[in-house]
Structure formats: structure tokens, C-alpha cells
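Asks: The residues making up each chain are set out below.
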Amino acid sequence: MSQSLSSIARFSASDLFKGKGQPGGRVAPFVAILLAVTVLASAANLLLPESSPFYVSTYTITLLGKYLSYAMLALAVDVIWGYCGILSLGHGAFFALGGYAMGMYLMRQIGDRGVYGHPELPDFMVFLDWSELPWYWLGMDQFWFAMLMVLAVPGLLAYIFGWLAFRSRVTGVYLSIMTQALTYALLLAFFRNEMGFGGNNGLTDFKDILGFDLQSDTTRVALFAITALMLALTFITSHWIMQSRLGKVVVAIRDGEARARFLGYRTDNFKVWLFVYSAMIAAIAGALYVPQVGIINPGEFSPINSIEIVIWVAVGGRGTLIGAIVGALLVNYAKTRFTAIMPDGWLFALGALFVLVTLFLPKGLVGVYDQLKAHFAQPQSKSDESSTPHQESAKEASV
Amino acid sequence: MKIKKLVSGMALAMGASMVSYGALAADTIKVGVLHSLSGTMAISETTLKDTVLMMVEEQNKKGGLLGKQLEAVVVDPASNWPLFAEKARELLTKDKVDVIFGGWTSVSRKSVLPVIEELNGLMFYPVQYEGEESSKNVFYTGAAPNQQAIPAVDYLMNELGVERWVLAGTDYVYPRTTNKILEAYLKAKGVADSDIMINYTPFGHSDWQSIVSDVKKFGSKGKKTAVVSTINGDANVPFYKELGNQGISSEDIPVVAFSVGEEELSGIDTKPLVGHLAAWNYFQSVDSEANEAFITNWKAFIGNPKRVTNDPMEATYIGFNMWTQAVKKAGTTDVDAVEQAMIGQKSPNLTGGVAVMNKNHHLSKPVLIGEIQDDGQFEVVWETEGVVAGDAWSDFLPGSKDLISDWTSPIKCGNYNTVTRTCSGQNF
Amino acid sequence: MKRYLALCCCLLSLWLNPALNSVYAETDTGKTSTGETTTASSPHIQQLLTELTQKSLNKAVPVLEKLEQSGGEAMLPLFRTMLDGNLYFIKANRQVISVTKAESGKAFANVFTGEPLPEFTKKQIKKIRVNNRLRGYLRDAIARIQLSSSDPAAREKAVRNLLSDLDPSTIEAIQSARVNESNTAVQEMMDLALAMHKLTNAALAVDQLEAIEALSGSLESEVRNLLARVSESENYEPAVNKAAASALVKIQDKVEFYAFIDQLFFGLSLGSVLLLAAIGLAITFGVMGVINMAHGEMIMLGAYTTYVVQLMLPNHIEYSLWLAIPLAFIVSGLMGVLIERGVIRFLHGRPLETLLATFGISLILQQLVRTIFSPLNRQVASPEWMSGSIEINPVLSLTLNRLYILAFALLVFFLLQLILKKTSLGLNVRAVSQNRNMARAMGVRSDWVDAMTFGLGSGIAGIAGVALSQLTNVGPNLGQAYIIDSFMVVVFGGVGNLLGTLVAAFSLGIANKFLEPVTGAVLASILVLVFIILFIQKRPKGLFPQKGRAAE
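Chains as they are written, first to last, in the working numbering: chain Z, 24 to 422; chain S, 28 to 455; chain R, 38 to 589.
A few of these clues could be false.
Simulated pairs of lysine-lysine, PhoX-like, Cα-Cα distance not exceeding 20 angstroms [as the list claims (entries may be wrong)]:
#1 S:Lys121 with Z:Lys358
#2 R:Lys160 with R:Lys143
#3 R:Lys160 with S:Lys243
#4 R:Lys143 with S:Lys298
#5 R:Lys164 with S:Lys298
#6 R:Lys291 with S:Lys248
#7 S:Lys57 with S:Lys95
#8 R:Lys287 with S:Lys248
#9 S:Lys333 with R:Lys291
#10 S:Lys251 with Z:Lys230
#11 S:Lys333 with R:Lys138
#12 R:Lys138 with S:Lys298
#13 S:Lys244 with R:Lys459
#14 R:Lys291 with S:Lys244
#15 S:Lys355 with S:Lys88
In silico contact screen, one side only, chain Z against chain S (beta carbon under 10 angstroms); selected entries [as the list claims (entries may be wrong)]:
#16 Asp146
#17 Phe147
#18 Phe214
#19 Leu237
#20 Arg277
#21 Gly279
What the hints contain is simulated information worked out from the structure, not anything from laboratory work.
Even for Gly, the Cβ is constructed at its ideal location relative to N, Cα and C.
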């Protein structure tokens with residue numbers, strides 16, 4: 024596993040950012056690398072024997088799948104934060120809602136194979152004496168309907184929240200705190216057992232998806248590959264949106280909302296729809312995450328998780344899309360390694376990372392890379408960034 | 028390898044034998060430790076990690092097991108439930124451990140369960156829990172509800188003459204299930220609906236004014252009232268403080284808790300708690316030679332003369348001892364062989380008497396009721412005569428009263444319905 | 038705002054009014070009487086005492102009953118010692134002794150005379166165990182004996198304790214004590230007991246009605262229970278049933294009124310906690326525009342300071358809080374200045390990035406505390422004067438710690454207002470917050486003002502930590518529990534407006550507490566959150582928006 028990940032990292036350092044200062048230039052190489060790694064890892068898992076030195080274990084595949092869904096989540100946050108200046112501290116909520124919709128489908132697939140053998144009710148409902156399925160669980164046994172809900176529920180929530188917030192021009196800090204309150208309220212709500220979502224334990228013990236055994240290697244590889252594909256797809260779509268006229272308006276709103284409004288754009292509409300789009304990406308990420316990790320519970324709603332997503336984006340470099348993905352992959356990889364090596368030191372490291380990145384790397388790793396490249400291309404033109412964080416940040420549009 | 032997963036039943040056995048082959052080839056027997064060392068649960072679980080490490084060290088001093096040294100593999104699932112599953116997979120596939128000691132919360136166990144059943148691992152779970160589960164791959168050395176909650180209620184009813192009941196808990200699955208069982212039990216004993224008050228609060232609830240005042244009102248109806256508390260961890264301190272401040276003493280309305288032990292009390296000003304009760308299978312204050320030796324070893328191992336011992340530690344101790352005995356009996360660390368060898372194992376309790384591993388992977392243990400003292404210890408005021416067998420499936424829940432668990436032939440099933448004679452919900 | 042203040046004053050005056058005969062709901066500490074040694078040393082008693090050391094817990098009550106009968110008042114010290122769990126016996130001769138904790142180890146004394154005894158080793162003595170049933174019995178026995186106590190409060194309490202268990206012998210005791218009773222409150226309580234007895238035992242309806250008359254208006258729960266029984270019982274004439282029912286209704290109305298006051302107090306108390314937690318944030322966030330996610334950890338530092346102070350001065354718990362308050366202010370304040378100088382000043386005008394950086398700081402501080410003090414919760418003791426409650430009547434009692442914290446929160450609020458309105462620092466702070474550049478042009482050292490403001494906000498969070506250490510756990514997660522609530526309060530009240538914070542804190546506290554009985558605790562907090570989210574959409578600048586040019 025360390026192999027495949029470090030290979031991403033190595034590539035990212037040398038080949039990935041072959042853009043011309045424009046983040047757009049990096050789409051094709053990135054997608055190519057992503058898909059190549061996916062195909063190679065999948066093949067190495069399925070075709071090679073376990074004794075082969077190139078064998079990729081199922082453990083690694085699942086881990087990679089998890090990282091990629093996190094990357095997608097980071098992408099969703101970058102779309103609204105990096106390009107539109109909306110700092111959402113509640114994107115974990117959309118991720119979790121998507122995950123719950125998928126989890127409900129998987130629960131219904133268990134059918135009568137639960138521990139109590141009830142034909143319809145999930146186990147947690149049986150032992151808490153539920154007599155029948157609550158209405159919001161109906162239809163979730165159909166895959167298409169569940170997938171519709173994966174998009175519709177977070178989308179609708181984002182629409183209502185966005186519509187209310189952006190129309191009354193709740194911006195900046197206030198908006199961030201409101202999104203945090205939103206995810207916190209959902210956290211408390213999903214902890215309640217009366218809600219019918221399994222309370223603190225959440226949904227778990229999944230058996231199969233669309234008839235495929237979730238514990239088989241092929242299903243795991245397929246899920247990993249689908250996650251990679253969806254990541255590539257959302258990445259390309261988001262990139263395309265940001266390059267289009269729509270994207271230009273969005274950036275204009277970030278840099279001067281009042282001005283954009285005076286130019287005749289209904290800025291609130293743009294923001295609402297971008298917010299919905301972003302929420303849906305997060306939801307898809309959540310839906311892909313759940314079958315791979317095998318559990319969804321209210322912990323995913325916790326405000327800290329949402330803040331962490333923002334940090335991934337900040338580390339990678341916001342407003343670049345690619346930065347969000349790289350940031351998510353790197354931070355999560357580091358987390359996996361460091362929690363194993365020094366559980367006590369890990370929080371110190373994470374905390375320090377937050378502080379140092381905001382202070383010294385306002386543009387993240389991608390920004391550093393661009394700067395280094397510019398530096399080497401025209402050696403005398405610009406000084407190193409990290410020595411003048413103040414000026415750099417001042418130049419940047421305040422968010 | 029693909030075939031292995033397709034024909035799962037047979038293949039899993041094969042996979043298991045491969046794993047154990049790998050272990051036999053290695054120089055050591057690996058013991059996985061899956062307890063959170065960071066995050067919210069670190070408070071409780073770090074202690075258990077140290078307990079396992081101490082047991083491993085002692086076993087190695089005795090010459091190891093099957094002629095090999097034991098090696099502990101410690102990972103940190105960081106109180107993150109999906110991470111428990113991930114780390115369990117890591118332990119079983121990367122480190123190829125022979126046994127795992129781990130878990131605290133129910134959700135962590137539920138998260139690990141599919142992985143451990145898929146890869147045919149072996150896990151010891153040392154904490155009191157809500158029951159309603161019996162996996163082939165898990166041994167439950169903590170108390171089931173009938174080993175903690177029901178004896179406690181019996182004590183209150185028969186010894187203290189309690190007639191009105193407040194079932195207060197944190198809103199998660201353990202209190203929910205325990206209270207369901209208790210409610211059914213109390214009603215079976217003829218307690219009226221109006222004499223039972225049930226209340227749930229969120230994790231870490233800190234403002235208990237209204238609830239305590241409700242309890243006070245509920246208790247002022249002229250009948251002896253008691254609170255059965257499944258309130259979790261951090262919420263306990265403000266709860267007991269509020270009780271004390273609102274003038275409810277342990278004589279007026281005693282509180283019996285299932286989640287408050289020596290370790291929790293060590294962070295509390297125990298003054299307002301004195302006289303309130305707790306039900307466990309072990310108390311540090313119990314006077315026995317085995318216990319004294321265990322406490323001395325623990326304090327020496329941890330290097331802190333003030334550290335306390337508690338019930339989940341004893342559960343870990345018993346589980347570990349039984350596992351070593353079972354491995355010796357089976358002559359191998361192969362999971363299937365050890366699993367069968369575990370059933371019927373006997374190991375002395377620290378409080379006296381002998382614990383027995385039953386067919387349903389639960390222990391028979393004594394149940395003790397203790398009153399909290401001002402030094403943070405418990406004074407045993409009551410104990411069951413003999414041991415109580417842990418019941419995987421409660422007899423008081425409609426969904427599970429027909430279910431039993433029996434891992435010996437011919438049933439070999441964790442959820443066997445005695446009415447329909449079927450076995451449901453097995454993952455292999 | 039004025040309403041709340043009026044209410045507080047009202048509650049305070051209730052407390053201070055001596056006519057209400059307020060009683061501290063703690064066990065009174067009686068003095069060991071020394072003149073009774075003759076009774077205590079009689080052979081019969083000695084034999085009973087020896088028996089006591091031999092009986093198991095369940096069989097101790099009959100022995101105690103005999104002791105009470107034959108010993109009477111002389112047994113008071115014995116019962117008290119036993120109730121406190123300090124009764125031991127010497128294994129060699131089965132003589133009972135009192136063992137109490139003293140500054141250096143343990144103090145050994147004769148139970149009855151209090152004369153000090155030589156030291157015993159742990160092996161030589163054994164504790165006489167008590168369980169709740171014995172405690173209950175001992176308490177009743179002490180109450181019975183104390184009917185002739187010299188302290189009227191103790192006598193009143195003794196009678197009240199007996200209300201639940203009125204048998205002929207206690208009635209006799211009360212009747213004889215009533216004759217010599219001079220204190221009106223005790224007289225009333227005794228009359229109540231006698232009336233209750235009359236109602237249950239009198240044969241004539243006239244007498245029963247008279248008893249109901251005497252009982253109506255009493256808030257004692259035993260009276261209510263008795264009336265409820267009588268109103269439904271067929272052993273009484275219909276007229277009596279009716280009279281009991283109507284008396285009950287009258288009492289119920291009163292009870293409901295007090296329950297309302299009680300709930301209001303709960304709300305105010307929760308509000309005061311929210312106010313304390315949020316007020317520091319109102320300064321850093323409201324005045325400086327910095328989103329300090331490490332605010333919760335400033336509270337935590339304050340709480341840990343309290344812990345350390347108590348650790349240093351284990352014998353002065355009573356005064357520890359007074360020392361902890363300024364120390365916590367200094368510790369958290371200095372940390373605040375450090376954060377401002379080290380990190381925040383580089384992030385001016387970028388509020389969202391201060392959020393990220395301070396979140397990182399909060400993680401570091403939490404982990405620091407875990408490393409230094411261990412992840413376990415730490416034990417912070419409550420001083421005696423903050424324990425217990427003021428009992429205004431049988432259905433309304435206000436807990437002391439909450440009352441003090443309410444007063445303390447208001448005090449902190451007014452002091453802060455004073456600082457901001459009346460000092461030159463306050464003037465500078467307001468100037469910088471309204472127009473940084475203009476203030477600088479006028480010669481205000483904005484750097485210095487920023488550091489001081491941040492220090493002030495953090496220091497006040499530290500003080501909040503001292504207060505919270507009296508209510509909840511002191512552990513690494515303490516801050517996390519309050520950070521979101523604090524933000525809600527500040528945003529709801531209106532950023533940059535301390536008065537708004539005050540109103541928001543109390544209204545959210547009260548709303549929460551009035552919702553709780555209806556919806557349960559979890560749903561109540563969810564509803565409050567949803568309400569705030571919707572409210573902010575309607576009024577993005579909170580309850581009291583900043584007006585004028587300062588408001589962008």
C-alpha cells in the first residue's frame with residue numbers, strides 16, 4: 024500500500040502539475056495517472072498470487088478506496104470554498120447523509136439474514152421493538168431509488184439551506200458557523216435512537232450490494248474502481264464548470280460579490296446551485312465510502328470532521344481542485360501512518376499542520392509547487408514565498 | 028485466491044489454516060491489541076491495552092506459550108468506529124495476529140465483527156454490554172445484562188424494598204437495550220407502568236437540573252424509589268453533583284450504576300456519591316490473595332502506586348488466561364481449534380470462585396453490588412450465591428426470547444431459534 | 038433584559054428573607070455529648086454493641102432498635118458515627134471506636150466521649166459496614182431522638198423526616214414534644230404530622246374534614262400523597278373525598294407555580310453557564326473579528342488551573358476558588374496574548390483563516406493537557422459553601438452552586454461592561470474595533486490593543502473555566518463541549534454587542550429548559566439549534582445588530 028500511495032505522491036511532485044500556471048492544464052495527466060493506478064492496483068490484487076512481491080492486498084485496496092472518497096469530499100469543499108469563497112464547516116453532513124442513504128439500501132439488502140431473521144426490519148429495529156418499517160425506509164430496497172435519495176436528500180437540504188442563507192446574504196463567518204450548527208444538529212439528531220437510523224451504532228453488518236458479496240475481493244476492487252472513476256468524473260466536470268462562463272461568474276462573486284451583483288448577476292442563485300452541486304459530490308463520496316468501510320454512524324456528522332476536510336483542501340491548495348485531491352490523499356495517508364507510529368504525537372502534528380499551513384502556505388502545496396517552478400523558470404524574478412507570508416496573503420482576495 | 032471467496036464456507040477454513048500456518052512458521056505468537064489510544068475512548072481503553080501488555084509480559088516470563096514467546100501488536104483505532112474495522116483487517120492480514128484483545132463501545136465491536144468473521148479471526152471483548160449477540164469469532168468476557176442489571180434490580184427490590192424505578196441512560200444501544208430488558212423484567216415482577224420512568228440524555232450531558240428535579244418529584248410519591256443508571260462516562264459527574272446539591276441522598280433515592288467503576292471514580296470528587304451503588308463482577312476492594320497479587324503486579328507494571336483496577340481489567344485477565352489454556356489444550360493457535368477448546372475452560376476469578384466459559388461464548392461469573400466509599404473504592408454489600416451464567420439473548424425481549432447460542436455440535440450457531448429450529452444471520 | 042434582572046433580584050431576595058426560614062439541606066453537624074457515658078457503659082448496652090460487631094448487614098437493624106430503646110439520646114453519637122461510616126471495632130476485644138480522617142493519618146476516639154485513643158494498625162481494627170438500609174434507619178432514629186434537640190431547625194427536620202412513617206409511637210413522641218415546643222415553624226410541622234395522623238385514624242367525618250382543613254396549603258409531598266389517597270379511598274365519606282380533592286387541587290396549583298419558578302431558575306442557570314462560556318468569545322469574535330476555535334481550550338485551561346490550585350493547597354479547598362479565579366485569568370490570558378502575538382496578528386482581515394489556525398491550536402492545547410495531566414478527568418472538589426441548596430419550601434429549592442454561578446456570571450458581565458465603557462483600554466478597544474486605521478491615525482497602538490483584547494477575552498474564558506469546574510468534568514474535552522454553544526450565543530445575540538450576548542444566553546437557556554420537559558433533552562437542543570439557524574437567515578446580524586458606519 025505504501026508503494027502505490029507513494030507512487031501517487033512521487034508522480035504528483037514531478038509530473039502531475041504540468042499546468043501552465045492554470046490549474047486546468049493538469050486535468051488530463053491527473054486523470055490518466057489516477058486511472059492507471061486504479062487499473063494496476065486492481066489487476067495486482069485480482070490476478071497476482073498473494074506471494075508475489077507486486078501483490079496488492081485487499082486491505083490496501085479498501086484503504087485506497089477510502090482515500091479516494093475522501094478526495095472527492097475535499098473536491099466538493101474546494102468547489103465552493105476555493106472558487107466561491109463559501110467556507111462550509113458542515114460538508115461532513117452531506118457526506119454522511121449520502122452515506123446513510125447508501126447504508127439504508129445495504130441494510131434492506133440483508134433481508135431476513137439478520138440475527139433475528141426478521142424478513143423486513145433491520146436488527147436494531149427488532150430489538151428496540153419497532154413493529155414496522157418507518158415511512159422513510161420505504162423504497163430504499165430498490166437500488167435506483169436509494170441512489171436517487173443519495174443525491175436528492177443532501178441536494179434538497181443544501182438547496183433549502185443555501186436558498187435561505189444566500190438570499191438573506193448570510194456570508195463569511197456567519198455562514199461558516201451556521202453550517203457548523205447544521206451538522207451539529209444533525210449529529211445530535213442521528214444519535215437519537217427514535218430517529219430510526221440505528222442511533223450511535225449506526226448502520227453496519229452489510230452483506231451485499233446489487234447481489235454481489237461485499238466481502239469478496241472482486242466487489243471490493245469494483246467499488247474501488249468505481250470510486251476512482253467517479254472522482255475522475257467529478258473532477259473533470261468541476262473543472263469544466265470552473266472554466267466555463269459560469270465558473271467565471273462564480274470567481275467574480277468570490278472576489279467581489281457586491282460588484283457582481285451590480286453587474287446584474289443574481290449572485291444568490293449562482294451560490295445556491297453551486298452549493299447544491301458541491302453537496303451532491305459530497306453525498307456521492309459518502310455513498311461510495313460506506314460499502315467500503317462497512318459502517319456509517321453519526322460520528323461522521325461531527326463538526327471536527329468537517330473542519331478536517333477544510334484542512335485537507337488548505338494543505339493541498341484551494342481553488343485548484345487538484346490541490347484538494349492531493350491534500351486529502353496526503354493528510355489521510357500521513358494520518359494512517361502516524362496514528363500507528365505515535366498515537367500521542369499525532370494530534371500535535373495535525374494541530375501544527377493547521378497553524379503552519381494557514382500562516383505560511385496560504386496557497387497550499389500546489390501554490391508552493393507553482394512558485395518553485397516559476398522560481399526555477401525565471402530564477403531572479405521572485406523571492407521564496409514562505410519568507411513573506413504577510414504580503415502574499417494580503418494580495419489574496421480576502422475570503 | 029478468487030475461488031477462496033466464492034466458495035466461502037470451505038475456503039474460510041482453508042484461509043484460516045493458511046493464517047495459522049504462517050503463525051506456526053513464525054518465531055512468536057502474535058497478540059493483537061485493538062484499543063483506542065487517542066480520542067474520546069482513550070480514557071478507558073488505554074488501561075486495557077496496558078493490561079494486555081502486562082499479561083503478555085507475565086506469560087513470557089513463564090516461558091511463553093507452546094514453546095514460543097508472545098508478541099503484542101498494538102494499533103490505535105483512535106475512537107473512530109470505521110477505523111476499528113480497518114485496523115482489525117490490518118491486524119489479521121498484515122500482521123497475521125493469532126488473537127485480538129480489543130473493543131470497548133458496542134459500536135466498535137459491531138464495526139469489527141464483519142471483518143473478524145470474514146477473515147476468521149479470534150477476538151476477546153472485555154466490557155459489559157447489552158447482549159443480543161454471539162459470534163463464533165468473539166468471546167465475551169464482560170457482563171451480559173443478566174449478569175449486571177438484573178441482579179442489581181433484584182437487590183434493590185428485595186433488600187431495599189424499592190417499588191418505583193427511574194431508568195436513566197445515555198441515548199445509545201447499551202442503555203436502550205438494558206432498559207428494555209429491565210422494563211420487561213420489572214413488569215413481569217408486577218411493577219405498574221406508572222411506577223417506571225425512563226429517561227435518555229445525549230452523550231456528555233452536563234445540565235441535569237431538570238432531570239434530577241423530575242426524579243425528585245417522581246420519588247416523592249411515598250414509595251421507595253431508586254435510579255438505575257446506564258449513564259455513560261463523562262455525564263456521570265455532573266449528574267451525581269446535581270443529585271447531591273438538590274439534596275437527594277443515597278438513602279432517599281439510591282442510584283445503581285453499571286458504567287461507574289474505580290477508574291471513573293478516580294477522576295471524581297466522590298463526596299456526593301457516597302452510598303450510591305454499582306453492580307460489577309469485580310471490585311478492587313475485594314479481599315483475596317489473587318486480587319492482591321494482581322493489584323500489586325499492576326501497580327508495579329504501570330509504575331504508579333495510585334492506579335486502580337477495575338472490572339474490564341479482570342475480564343481481560345480472565346479472557347487472556349483462558350486463551351492461553353485453550354491454546355495449550357489445542358496445541359495450536361488455529362482459530363477453529365482454539366474456539367472449540369475455549370468452551371468449558373475454567374479460570375479463577377480475582378474475587379474468588381471460578382469463571383467458566385459457556386457454549387454461548389459468555390462467562391459464568393459472580394455478580395457483586397458495591398456501595399461507593401469516599402476513597403473512590405466500593406464496599407461490597409451484596410453478592411450472588413455462586414456464579415451467574417451470561418445470557419447472550421435476553422429472555423425478556425420479545426425478539427430474542429426464543430433465541431439461544433450454542434457453539435458446540437450439533438447446533439453450532441450463535442442465533443438459534445428454538446421454536447423454528449433455524450439458525451439465522453450467520454456470516455459464514 | 039430588565040425582566041431577567043428583576044427576576045434575579047426576586048430570587049435573591051427570596052433567599053435572603055429570613056422569614057422564609059431557609060434551611061440548608063445538609064445534615065447538621067451535631068456535637069458529641071459527653072455527659073451520657075454512664076448509660077453508654079451499662080452492661081446491657083455493652084452487650085448490644087458487641088452484638089452489633091458480630092451481626093451481618095441484614096441483621097443489624099434489630100440490634101440498633103434495641104440500642105435506641107435502651108440508650109435513647111446517649112446513642113446519638115454512636116448513630117452519627119455509624120451514619121458517617123466512621124464506626125470501627127477493635128478486633129481483640131470487640132470494642133467499638135470512632136475512626137476519622139485527620140490531617141496526619143487517622144484519628145481514633147471513643148465513640149461516646151470523643152476521648153482520643155492510641156493508634157491502631159489497619160490490621161487491628163475492622164470497619165462496621167453500613168448500607169443504605171442501615172443509613173435510612175439511623176437517620177430516622179436520629180430524627181426521633183432529636184425531637185428534643187436544642188436546635189429548632191434540627192427539630193423541624195426531625196419531624197419532617199418522620200412524616201413518611203407515622204406510627205402510633207412516633208405520634209405519641211410528637212404529641213408530647215408538641216406541648217413544650219415554642220418555635221412556631223416546628224409547631225406547624227408538628228401540627229401537620231398530627232393532622233395527618235388524625236385524617237388517617239379519626240373515625241368521624243367532622244374530625245377528618247377538620248384535619249383536611251389543617252392540611253390544605255401544605256406543600257409537603259407526604260401531605261399530597263395522603264390527600265390523593267383519601268380523595269380516592271372508599272373508606273371515607275363522599276364529603277371527605279371531595280374536600281380532600283379540592284384541597285389537593287389548591288395545593289397542586291401552588292406546586293405548579295413553584296415548578297414554573299423552578300424551571301425558570303434552571304433556565305437562568307443554564308443561561309449563566311452559556312453567558313460565562315460565550316462572553317470571552319463575544320470579545321475576541323465580536324470586537325476583534327477573530328474566530329477563536331481555541332476558545333474552549335481557554336476555558337479548559339481555567340478549569341485545570343483550579344485543579345492545580347487545589348492540588349497545591351489540599352487543606353484550603355474552601356478558599357481555593359478565590360485564588361483560582363485570578364490565576365485562571367492570568368494563565369488563560371497569557372496564553373491568549375501568546376496566541377495573538379504568535380499567530381493571529383499575521384492573519385488580520387482573514388477571519389476564516391484565523392478559524393483554521395486557532396483550530397490547530399486547540400488540538401495542540403488539548404493534546405498538551407492530555408500529555409501533562411493524563412487523558413483522565415481530574416478531580417476538582419466543591420467547597421462546602423457551594424454544596425447543597427436553599428430550601429424555600431418543600432417543592433422549591435435552589436441549588437447553591439448554580440445560584441453562585443448565576444451571580445458570578447452577572448458580576449463578570451458588568452465588570453466587563455465597566456472595563457469597556459469606563460477605562461482607557463476599553464476606549465481603545467472600541468476605537469480599534471470601529472475603525473482600525475482611524476484609530477491608528479489617532480495614535481492608538483492597535484497592536485497592543487489587539488493583544489490586550491485577546492488576552493482579556495481569553496482570561497475571561499479562563500474564569501469561566503473555574504466556574505465550570507464546579508459543575509462538570511475537568512478533562513481535555515471540556516472545551517469542546519462548550520465551543521459550539523458559545524458561537525451560537527454570540528451569533529444569536531449579535532456580534533460586537535455584549536448586551537446581545539447576555540440576552541441571547543439567557544433566552545437560549547430558558548428556551549432550552551422549557552422545551553426539555555416536553556421534548557426531552559436531545560430534541561430540545563436540536564430545536565434550539567434549528568431555531569438559531571432559521572433566525573440567522575431572517576436576521577443575519579443577530580438580535581442586536583451593530584448599527585452605523587462601524588457595521589461595515
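Asks: So, for every hint listed, does it hold in this structure?
Replies: Hints versus structure:
1. Pair hint S:Lys121 plus Z:Lys358 holds up; C-alpha atoms about 18 angstroms apart against a cutoff of 20 angstroms.
2. The straight-line distance between the Cα atoms of R:Lys160 and R:Lys143 is roughly 14 angstroms, inside the 20 angstroms bound, and the hint therefore holds.
3. As the CA atoms of R:Lys160 and S:Lys243 are separated by approximately 41 angstroms, the hinted pair breaks the 20 angstroms bound.
4. A C-alpha spacing of about 18 angstroms is found between R:Lys143 and S:Lys298, which places the hinted pair at or below 20 angstroms, so the restraint holds.
5. Note on R:Lys164 and S:Lys298: the hinted pairing holds, with a Cα-Cα distance of about 19 angstroms set against a maximum of 20 angstroms.
6. A C-alpha spacing of about 17 angstroms is found between R:Lys291 and S:Lys248, which places the hinted pair at or below 20 angstroms, so the restraint holds.
7. Of the supplied pair hints, the one linking S:Lys57 and S:Lys95 holds, its CA atoms being roughly 10 angstroms apart against a limit of 20 angstroms.
8. Using a Cα cut-off of 20 angstroms, the hinted pair R:Lys287 and S:Lys248 holds, with the two alpha carbons roughly 18 angstroms apart.
9. Taking the CA atoms of S:Lys333 and R:Lys291, the gap is about 52 angstroms. The hint is violated against a cut of 20 angstroms.
10. A threshold of 20 angstroms between alpha carbons decides the hint, and for S:Lys251 with Z:Lys230 the separation of about 49 angstroms lies outside it, so the pair is violated.
11. Of the supplied pair hints, the one linking S:Lys333 and R:Lys138 holds, its CA atoms being roughly 19 angstroms apart against a limit of 20 angstroms.
12. Proximity of R:Lys138 to S:Lys298 is assessed by CA-CA distance (about 14 angstroms); at most 20 angstroms being required, the pair is judged to hold.
13. Straight-line distance between C-alpha atoms of S:Lys244 and R:Lys459 comes to about 48 angstroms, which puts the hinted pair past the 20 angstroms bound.
14. This hinted pair checks out: R:Lys291 and S:Lys244 have alpha carbons roughly 15 angstroms apart, not beyond 20 angstroms.
15. Straight-line distance between C-alpha atoms of S:Lys355 and S:Lys88 comes to about 16 angstroms, which keeps the hinted pair within the 20 angstroms bound.
16. For Z:Asp146, the suggested interface contact is upheld, since its CB lies about 8 angstroms from the closest CB of chain S, less than 10 angstroms.
17. At about 7 angstroms, the closest approach between the beta carbon of Z:Phe147 and any beta carbon in chain S falls short of 10 angstroms, and the interface hint on this residue holds.
18. The closest approach between the C-beta of Z:Phe214 and any C-beta of chain S is roughly 6 angstroms, which is under the 10 angstroms cut-off, so the hint is satisfied.
19. A cut of 10 angstroms between beta carbons decides the hint on Z:Leu237: the least distance to chain S is about 8 angstroms, and the hint holds.
20. Hint on Z:Arg277 is violated. Least Cβ distance to chain S is approximately 33 angstroms, over the 10 angstroms limit.
21. The restraint placing Z:Gly279 at the interface with chain S is violated, with a minimum CB-CB distance near 41 angstroms, outside the 10 angstroms limit.
Of the hints listed earlier, those the structure fails to meet are numbers 3, 9, 10, 13, 20, 21, in rising order.
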